[in-house]
Amino acid sequence: MSKIGLIIKREIKSKLTNKTFLIMTFLAPLLITGFLGFIIKMSMDDKTQQKVLVVDDTKHTTQLLQGNDYITFYNTDLKLDDAIDKLIKEDYTCVLNIFENTVGGGAGAVKLFYKKSPGLFFQENIKNQLEKIFQEEKLKANNIDPNVINSSKEKIKLITQKVDENGFKKDDSNLGFLGFLVGALMFIFIMMYGMMVFRSVMEEKTNRIIEVIVSSVKPFELMIGKIIGVALLGIIQFLIMGVISLILTTLLSTIFLKDINKEFAKFNSQQELVKKMGTNVDFTKLDNYQDKIEVFDLLKKMDALPVQLIVICFILYFIGGYLFYSSLMAAIGSAVDSEADSQQFLTPVMIPLMAGYFIAIKSMTNPDSSVAYWASFVPFTSPIVMMSRLNANTPIWELLLSLGLLYASFILTTYLAAKIYRTGILMYGKKVSWKEIGKWLFYK
Amino acid sequence: MSILEIKNVSKKYGNHVALNNVSINIAEKSVFGLLGPNGAGKTSLIRIINQITGPDSGEVLFRGEKLQYKHISKIGYLPEERGLYKKMPVGEQAMYLAQLKGLSKAEAKKRLNFWFEKFDMQSWWKKKVDELSKGMQQKVQFIVTILHEPELIILDEPFSGFDPVNAQLIKNEILELRKNGATIVFSTHNMGSVEELCDSIALINKSEKILDGTVKEIRKLHRTNTYKVAFKGNVMGFTNALWTGGEVLEKITEDDINYFTIKINKAINSSQMLQAVLPHCELVSFQEVVPSMNDIFIMKVSNNNPQELGTKSNFTE
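Chains as they are written, first to last, in numbering that gives the first Met the number 0: chain Y, 0 to 443; chain S, 0 to 316.
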């Protein structure tokens, strides 16, 4: 086996047997999918079956309440106390008490007795229905046709469409947040693996094993082996995390989110209905249409995302950006004796990386601002910023130029880093300065 | 025949001259001592031989061939600043380092088994390095250095950190390795071990070689015409007889025997001196005092930089 191969193998093995690394690899996707699942679950309706016993003191409101898939209303003539008794003894979930004098002034109240805490959406549903019923009642009392009011309500949807000289393009507005997520992921990856290279280099120096190794292999081979080893490790970790996330998401969605496709289909048919009927549609008949419009719109747009392009670019930019930064990190790791001394050297390397991150935040709202545009060509920031700006309409030449610049400068940084590394790893007990490091570049 | 010829090697780090026009020949199958105070340039020279750095000018020949990458597998190096991966098991680590030197996996395993058995350390194989004592770690490092059976073995301060038992073990190994045909270069401050082990030495001071040759020659060359004489009889008579020929450096009298250390003038030789004193005393013993390597080291280095002596350097370790 070639020497670089041996170095790569050792680098990977030493990390794979490291407990912290393993825990991170398996725990991170668990936490992330758990968190995402939680958020999605929260944004979905509460689908607990509700059997509501209605004690209607007004006597005419109950028949106007409309049940749905999971809410059923049962009218009863029982007194409130008996109804509550019945709630406790039988399998009803709530008792709704509508007071006789509910309608009157501007505000009224009804009371809900429950056994198990009723969900927020369920409460909203009852509240909205009652508000509508009492409002129509009042309108009728004043001889106003509620249909007039309904038809006067206007819902405006803003439909965005990108155009250029070649005609209509895929709509890419409102995708800034997703772009930022990809950019942020890139930032985390470059930072994480760059630091891993830095630590690994410093470990060999502080362990004093470095001189034994460089008497067997060229320092450049050692540095490159290390950088490639950590990169492969990164890819392995990424794949493990990816597979775990995929399994978890599938599991979660089959267990908890099995209705999402049904919902999506329902949303689509509702959207068709809205298009057909225009403003005449009764929105209250559309099941939570307004709540979902944003989420599903985004989902539909995500469908239009150039996923393959993003994945390929992510890998290319990760390799380029990682190599660019990790060679700098290796040089720094070689120059210092302890992590405490490293801060003054790490900071200047971190700043452009952070800058890329902040520009990515900025480009969330304006992906074509001139700062974001230029930053997506500068190798220090391009991996993060270009990934956050990337969409189906990004010109290929921009990508090629940006990647070309990145890879060309990685060759330059690796060359410089190798020179610093070669000298740095053998320097002990000396507080190094930037000036000193500059001198190393010219040692033969 | 020389295994290594260092020709006019110079090396600078910035403005600091580490080596200035150093030339050394190292004979095959010998033990060669590379001596010099701290900061003299020994480690710089060793790093050039190991191709960790290159010389600014001059060249190094390995068996008459310009030193190049392929020679790495023929050289074994134990640096002064030596360590191991703390969290990596000993056996795995030794395997890794052996394979880096070009041994196949099977061969590395076979040889490691042999050495681990020889030094009675089979039980360490699965232990992590930070569970071993410093002396144990150094044994591992020594084994790794010689495992690929290098023709040239370079040991930088091999005895520092070893207890006397392990130091002796290493000394024996060094002699054994020479017997099997290897050439050993070692740098040390320990002059005792130089006299014990070295065939030849080179002394480097302030980036320059100031002395080299076989240990015997060097000691002969630095004779100071000093003798130890033991005799019975009249002290006055002895001193008077000697009077013109030399001076007495030390006088001790024990049980009727006088032990004198005398330095005789260059104009006369030891026979002439003896002829002069014999009529006045009964000679018990007579022996030349040859300077030790330690004396020569101190003398040479302090001539070279008298005011720095004893501050920067540490000769007796």
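Treat the hints with caution; some may be incorrect.
A short list of chain S residues far from chain Y (calculated; beta carbon distances all over 10 Å) [claimed, not checked]:
#1 K86
#2 T225
#3 N268
Below, computed lysine-lysine pairings styled on DSSO-like, alpha-carbon distance capped at 27 Å [unchecked claim]:
#4 S:K117 to S:K104
#5 S:K126 to Y:K14
#6 Y:K217 to S:K86
#7 Y:K2 to S:K6
#8 S:K104 to Y:K2
#9 S:K231 to S:K215
#10 Y:K217 to S:K65
#11 Y:K418 to S:K6
#12 Y:K126 to Y:K161
#13 Y:K430 to S:K11
#14 Y:K8 to S:K69
#15 S:K108 to Y:K438
Treat the hints as calculated values from the structure; they're not laboratory data.
Note that the structure is a prediction, hence the values are computed from the model and not measured.
The C-beta atom is built at its ideal place from N, Cα and C for all residues, glycine as well.
A quick look at each hint next to the structure:
1. K86: It is violated; K86 (chain S) is separated from chain Y by about 7 Å at its closest Cβ, not greater than 10 Å.
2. T225: Since the minimum Cβ distance to chain Y is about 42 Å, T225 (chain S) lies beyond 10 Å and the statement holds.
3. N268: The assertion about N268 (chain S) holds, with a minimum of 50 Å to chain Y.
4. S:K117 to S:K104: The hint holds at about 20 Å.
5. S:K126 to Y:K14: holds (18 Å)
6. Y:K217 to S:K86: Within the cut-off at roughly 24 Å; holds.
7. Y:K2 to S:K6: The hint is violated at about 30 Å.
8. S:K104 to Y:K2: holds (13 Å)
9. S:K231 to S:K215: violated (32 Å)
10. Y:K217 to S:K65: holds (17 Å)
11. Y:K418 to S:K6: Judged against 27 Å, a Cα distance of about 26 Å means the pair holds.
12. Y:K126 to Y:K161: Cα-Cα ~41 Å, so violated.
13. Y:K430 to S:K11: Answer holds: K430 (chain Y) to K11 (chain S) is near 20 Å, not above 27 Å.
14. Y:K8 to S:K69: holds (23 Å)
15. S:K108 to Y:K438: Distance of about 43 Å is beyond 27 Å: violated.
Hints 1, 7, 9, 12 and 15, counting from the list given before, are not met by this structure.
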